[in-house]
Amino acid sequence: MSSSRPFKTRFALHFIIVPAMFIPRLAAAAVACPIEPFIEPPEGLSQATMTADSASLNEQGMANAAGMVRMEKLDQALEAPSLTYDRTTSRVVAPDGLKYYRPGLNVSAEYADVNVNDSAGVFNQARFTLPGNGARGAAEKVEILDPDNFTLDQADYSTCPGEDKAWRLGAERIELNRAEGWGEAHDATLRLFDVPVLYTPYLNFPIDDRRKSGLLLPVAGTSGSSGFDLAVPYYLNLAPNYDATLIPRILTDRGFQLGGQLRYLSEHHTGELAGEYLPSDSVYGEERALIQAEHQGRFSERFGVEALYSKASDDDYFDDLGSNLAQTSQAQLERRLEFDYVRDWLHAEVLAQTFQALEPDDENQVFRLRPYGQLPTARLALKTPTFPWQARLDIEAANFRREDSLEGERYHLRPSFNWLHDRQSWYVEAETAWDYTEYRLNNSPLTNVEDNQDRSLPMASLKAGMRFERLFAGGLLQTLEPRLFYLYRDFEFQGNLPLFDTGTPDLHFERLFANNRFVGLDRLGDANQMTVALTSRILDPATGRAILKADIGRVIGFDELEVNLPQRSAFGYEDKHSDYVANLELAPTSRLFAGLTVQYEPDAGQLNRGTARTGYRDEQGRRIDLGYSFYRNFRPLDPFNPLSDFETLEQTDIIVFTPITDRVRAFGRWNYSLDKHQSVESLGGFEYRPSCCWAFRGALRRFVRNSEGDYDTAIIFQIELTGLGRFGEDIESLLGRGIDRDEEIF
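Residue numbers for the sequence shown follow the working numbering, so the first one is 1 and each next one is one higher.
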């Protein structure tokens, strides 16, 4: 995308739509409001025990107790001013009120009739709490049907403590099923701050994080290209190991779209099938469709399969109907079917792979690759179970196909021998191998390319390293690990060979020890070189935490490099030597961390690649992540398509959270392209959490939606009702793509 190109902007307002029978799934669990039991829990005695100021027992086994009565049996406890206990039926009647405890339910009632043998009972004019999810409320009658099923008549239900009336659900009847993890409310009204906002004759809601069929969160928005956009997913929990989601979607300018997803999981197989269909797009003028499928499985311990399929009806599908930059910037869709067979001494694979290339509308757009299909590829690896000597044989046969391009078959044979001698403080590893490759080509656009070609190259390598340790006075442990890696491979001219699946990878620290500076078999780099590298760590032996880790290394060549790719040098190498590669990871405290990666070219005196990141956390909720990335001479590679000049990518990424008050926290993210002088994505907002039972979040987001530089702008809202669900846009996912992707934010 060119920095001089005028940017288009779409505006979207994402808001909450609550249908009459809206059933959310429980959001990622927030911390529930604390609940104190009405009475002390029991000690778990198998026989019923009772203490009271006074008690009597008649011949029929009827006990009457009064004055600070407490009774326990198994996991139940109750306290009352007075009660009657029938030893024959285990029935307790408390006419003057009772406080009752059992796991998962606490009740305080004006009248109670309970069977302490099977836990069944009735409580009138009751207050209740559910410690499992922090819920509480009041009801004219609470009835325990069995240990997992309760009913609440004329009930108020909430997770807000005390007089906090942020939200409550009032219903004629509420049924709670702890075994399934869901509740059902009949003639229910949801109130926010005592204002009714939703009435429904029936409502199904979660009381833990398990799944159940029902309507999911509607997603709504508006854009200049599609008009008002509303999707209302319906979730089907078909079985514990498979489920489905139906997604009807209305786009007022385009029409009605139906989408769906099916997921399944068994002991040995897992997969997903998804699709979307728009019968008639009023803007595009044709039907639009997308299908995606994925499967992974093992037929046995040794035999497995993996399948992947994606197909879009047209090249503009994701630009028009996608929802974010990750979708709209897709260049191709992969289809793959792979079988593998594994034994201790054998690994076999058969692969079929093709791609649907999503071509650009005009040649001024960012170039998109057209990868070769493999129809098929077969690989076989054999190795001896011997040690320290090991022999190995790798065989590959591949058939590469791509429309209007050079095509052909490639056969590769690689016998190798490896020897490893490893001691606690040092090791030596040697390898020798021979690579033989044969091509059978056709459909060449060049007249000087022979149909049958081959290549034969031996290789030898020697790797050695040492491990040193020392203790500092403060108890910290430092390691020092020098490493050497010598690699030799003779030169053979390969400019007449095709490039089916070969390119130059990014140079990082571990690539300094690879036996080929290219990825793929179409180029085997000539080498007479020595890798010199050093790794050091500082560890806390008490906790095992790495306080510091540092790596630095470089490939030192003894001969000029001859093998290369058309129109491009092997990035990271110049003449004989590689760039310096260095990494630094620092975590001096649990709050602070930093990282740095550098690829430096000494002859030119320039930085070719670099990333820097640092972050800070504290117990008050402050968080800041700062990131910087630099990539010189970046461009995709396809030798059969001329490319524009190399580009330099340079971006910053900032994520900030800071408390404003004890209830308000501000957050923001800004991803900026320094080389394009434009914002890639910006988001700013706030979270208002006045109590433990609810929160409100709002944000403004603007991001580049495609390779042309078109922008989307969206106002995003989210309301979290603890124990009931989150309503609105998933703001956490937008911020969670930062430096620590696994960190919980809200």
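These are computed hints drawn from the structure, not numbers from a lab. Accuracy of the hints is not assured; some may be wrong.
[What the hints assert, rightly or not] Straight line, CA to CA, 20 Å or less: simulated SDA-like cross-link-like pairs of lysine to any residue:
{"#": "1", "residue 1": "Lys165", "residue 2": "Pro42"}
{"#": "2", "residue 1": "Lys73", "residue 2": "Pro34"}
{"#": "3", "residue 1": "Lys165", "residue 2": "Val197"}
{"#": "4", "residue 1": "Lys549", "residue 2": "Ala582"}
{"#": "5", "residue 1": "Lys549", "residue 2": "Ala604"}
{"#": "6", "residue 1": "Lys383", "residue 2": "His412"}
{"#": "7", "residue 1": "Lys141", "residue 2": "Val93"}
{"#": "8", "residue 1": "Lys383", "residue 2": "Glu429"}
Going down the list of hints, with the structure as the test:
no., hint, result
1, Lys165 - Pro42, "violated, 32 Å"
2, Lys73 - Pro34, "violated, 26 Å"
3, Lys165 - Val197, "holds, 14 Å"
4, Lys549 - Ala582, "holds, 11 Å"
5, Lys549 - Ala604, "violated, 28 Å"
6, Lys383 - His412, "holds, 17 Å"
7, Lys141 - Val93, "holds, 15 Å"
8, Lys383 - Glu429, "holds, 17 Å"
The structure is inconsistent with the numbered hints 1, 2, 5, although it conforms to all the rest.
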